[in-house]
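Q: In order, the protein sequences belong to chains U and D.
Numbering of the first sequence is given in this note's numbering, commencing with residue 3 and proceeding in unit increments.
Numbering of the second sequence is given in this note's numbering, commencing with residue 14 and proceeding in unit increments.
It cannot be assumed that every hint is accurate.
[Said to hold, decoys possible] Each computed SDA-like pair below joins lysine to any residue, with the alpha-carbon atoms no more than 20 Å apart:
{"#": "1", "chain 1": "U", "residue 1": "Lys29", "chain 2": "U", "residue 2": "Pro19"}
{"#": "2", "chain 1": "U", "residue 1": "Lys56", "chain 2": "D", "residue 2": "Ser399"}
{"#": "3", "chain 1": "D", "residue 1": "Lys233", "chain 2": "D", "residue 2": "Ile163"}
{"#": "4", "chain 1": "D", "residue 1": "Lys263", "chain 2": "U", "residue 2": "Pro199"}
{"#": "5", "chain 1": "D", "residue 1": "Lys263", "chain 2": "U", "residue 2": "Met204"}
Since the hints were derived computationally from the structure, they do not count as laboratory data.
Note that this is a predicted model, so its numbers are computed, not measured.
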Amino acid sequence: MRIVVTVKQVPDPDVPPGSFQVDSANKRVVPPTGVAPVMNGYDANALEAALKLKEAHGATVVALSLGPAEARDVLKRAIAMGADSAVLVEDPALAEADTWVTANALAAAIRKMGAEGEPIDLVLSGRQASDTDAGQVPLGVAELLGWPSLAPVQKIDWADGKARVERMTEDGYDVVEVAPPVLLAVSSEIGEPRYPPLRGVMMAGRAQIPSWSLADLGLSDLAPRRKIVRLYAETREAKAELVKADTAADAGRVLADKLREAKLI
Amino acid sequence: MNGLGLGVENLVLAIALAFGGGLFLNRAWHLYRLMRLGRPTSRTDHPGERLALFLEHVVGQGRLLSEPYAGVMHALIFWGFCVITVMTADMLLTGLVPGLTIPWIEQNPVFLVSLETFEALVLIGVAMAFYRRLVGKPRRLTYTGDALIILSLIATLMVTAFLATSSQMAIARQDWSRWSYISSLIAPLWGSPSPTVSRFFWWAHVLTVLGFLAYLPWSKHLHILTSAFNVWLRSTAPKGQLPWLDVEGKLERGERLGAGDVVDFTWKDHLDGYTCTECGRCEAQCPASRTGKPLSPKWLILDLKHYLLERGPALLPADGMELPRGDLTAAATANPPTKRMVGDVIADDVLWDCTTCRACMEACPVFIEHVPKIIEMRRHLVLDESRFEADARRLFENLEASGNPWRFPRATRGDWARGLGVPVLGEGGVTVEDVDYVLWVGCAGAHDERYQRVMRTIVGLLQRAGERFAVLGQRETCTGDPARRAGHEYLYQLLARENVETLNRLGVKRIVASCPHCFNTLKAEYPQLGGLYDVVHHTELLARLIAEGKLEPRQADERQIVYHDPCYIGRYHALYEQPRDVIRAIPGVRLGECGGGCHHNRAMCCGAGGARAFMEEKRGTRINHLRLLQAMEGQPGAVATACPYCIMMLEDATRTKGVFDELPIRDVSELLAGSLDADSRNGQTGT
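Isolated chain U, as found in the complex (with noise of 0.2 Å):
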């Protein structure tokens, strides 16, 4: 079995969300300094479930990111904790990558993966990262690579070459039998990711990670689709009018009037 998590770095989510900075002219925030960002979530969940399925099954895990040559970290991180090898998808071009970029150039990266070594059975991802909170990359890479996908899901057993999967419901869970290749997004429910293991981050200290290009992927003409308006940060406002008026039941209907001028009734 051979098994690709895409894995994301975002900014520390356990930093309060205060310490953010809103560049409006740039549209862009900016994380607070002195913090270094960390594996999404719900990516290293997605880690942990193909961990849990290389120790049961066997498996060869590659961890697949995309962003600057600081998202090394995370993929070093992922080799700590037990993936196989990683691969960095990196180019000046992605610096405004949208979702659609980032699936696009993903699904490339897959593609070739697959083509250059064994067929890839699973790709397995968070469900959504921590930092934007879409959770459009998983389906949609799935949608380009033309492969069934399922989300969010909380746990993944492999059986007679299939996977028997159960994905969350609003009431409960679904339990779906399906043939690799799949793409599974995968929720906190999955399980906590272990610690890295010391063995496993000296060898990641020493692991060489390749990094591609949009043209190693065949890539050239790739457009963002998204287009911020405007980004700011929300500000709540309260204000506390005073009804006046004679009488209480006076009172009453002037509230009354104002709620429905407000459409509150």
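Knowing the structure of chain U, use the given hints to seat chain D on it.
A: For chain D alone, kept in the frame of chain U given last:
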């Protein structure tokens, strides 16, 4: 004795001696070979220091006598045996070869008087021991038949010695007989006994000695042979310095990093096991044991000893005369145990319960080293097995991500000092030339709201005294103490190297630290990484500034102040009086102590040491609650201490017990600041 050279009796004695001695040597050799399964360690440095301690604690029975009843009881038996053994050796010599004696003793008045006196005192000691085991029954002892057998043997030895000497005296009185003054009193009661009676008691005595010898290495009384060595061979490293671990090297060579099997401990660790007498002084002092947790330092040592006896033989060379040699890891791996040392014999919970407070090690009369063993096994859990609770994991991840245990952004580390005008070393042209020392802030001083107030108070005091100091600001990171004591040596070394590099690059030589854990790591552990600094604790500095007249406490504080000793300045660095001196300098103060004698080196930990501050206390009752109750026995108007984690734990306890408003928990510096003039109360929060 027939006086005609070697006879039947001599021959019988020789055979008995060979038999008893042979049994003894056979077992002793086996134990020695097992001990040598341990890794090498050098324990022969500082002979002068070793001798001084040997005289105090072996010859002088120092630690034993800290408990009057048990101490006197043991000292009587110990000193008695020292004298009586000379007589026993003399008896065996004469018994083997008639006429052969140890020179000068048989007729020496001083020796004979001492001998009889000590024989009587040993009997008193044994009687005290019987009373204690059968009637008094203190909880810390383990009640086994073994102890009673040994006590009976000792009593038999003394009684037969008196009976043999006195009956012999009744047969033939000598000039020097009067010096054996007790036997002289008994002798007339014999009338005129037949020589057989005297020989009977002589043989009873000698055979008991030989039986005792053969039984010794099977019993806890093995300590009479090992404790003198164990005290001599104790570690002379600074108390707060854990053994260095070559993480990269060991990984490179594929070796285990912590102690997961008997071959991973040192031979001295195994000698510790042989030396344990099951007295339980460690358990009686252990905060985990006292609050009903699975950890008992006594049982930890005994379980490891029993494990060595059980597991070890499979790893010994086939040739019974050969000692184990070289790296035994391969042999241990090829021959895996049926029960794992860590996990099956020593449960994980037991290891995580330890606060590394060192109370066990301070209490142990024979200097057994419990804490380093626990850390070695934690290293095994963390580095070899990656097995630890979620709390420990969060601690490690937070330290990795942010350099503090709570994951505050690194960039905010200097924020506590805003507006205080404290120079930051390396910023705004401030160099070490401009200051006398660096004030080490620590994670609690930088990020914990309560301890930030203490830090501001300390800064105010130093500024008032006209001290020239700077801080490191954002360049400071966690010293690594919680990582190291939780067994994550790799993470510790990462953090510590970062700090040592910063300090050395800036040329820092002198440091004042307020957190005792930072203080200990900077002072005792950074030398292992080439960080050599002159480190003082803030209470030492404050005591000096008061003595020099630079700080003058004037405002009276009429309360009874009970001082709680933080382990890492108290037991680890013997800073008992400096913090108390600061409190005593405040006019009107009455200094009190925690109840039950739990102060100074017997102070009980608050529960936060050994990275416990960052892990939930799930087992037993709460250590901090018990500690607060001990403090409250001292009738305090306020409790003073000198450690951020002690403050957190004790304040937390006052909240739970509903006495938060009545019983303030204060750093010593806060009490001092409250006693200076009103204008000096910089950032201080009321007393």
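Q: It remains to establish, for every hint, whether it holds in the given structure.
A: Hint by hint, here is what the structure shows:
For the hint linking Lys29(U) to Pro19(U), the alpha-carbon distance of about 17 Å falls within 20 Å, and the restraint holds. Under the criterion of a C-alpha separation no larger than 20 Å, the hint pairing Lys56(U) with Ser399(D) is consistent with the structure, at around 18 Å. Note on Lys233(D) and Ile163(D): the hinted pairing holds, with a Cα-Cα distance of about 9 Å set against a maximum of 20 Å. The hinted pair formed by Lys263(D) and Pro199(U) meets the criterion: a straight-line CA distance of about 15 Å does not exceed 20 Å.
Distance restraint check for Lys263(D) and Met204(U): the Cα-Cα separation of roughly 12 Å lies within the 20 Å cut-off, and the hinted pair is therefore satisfied.
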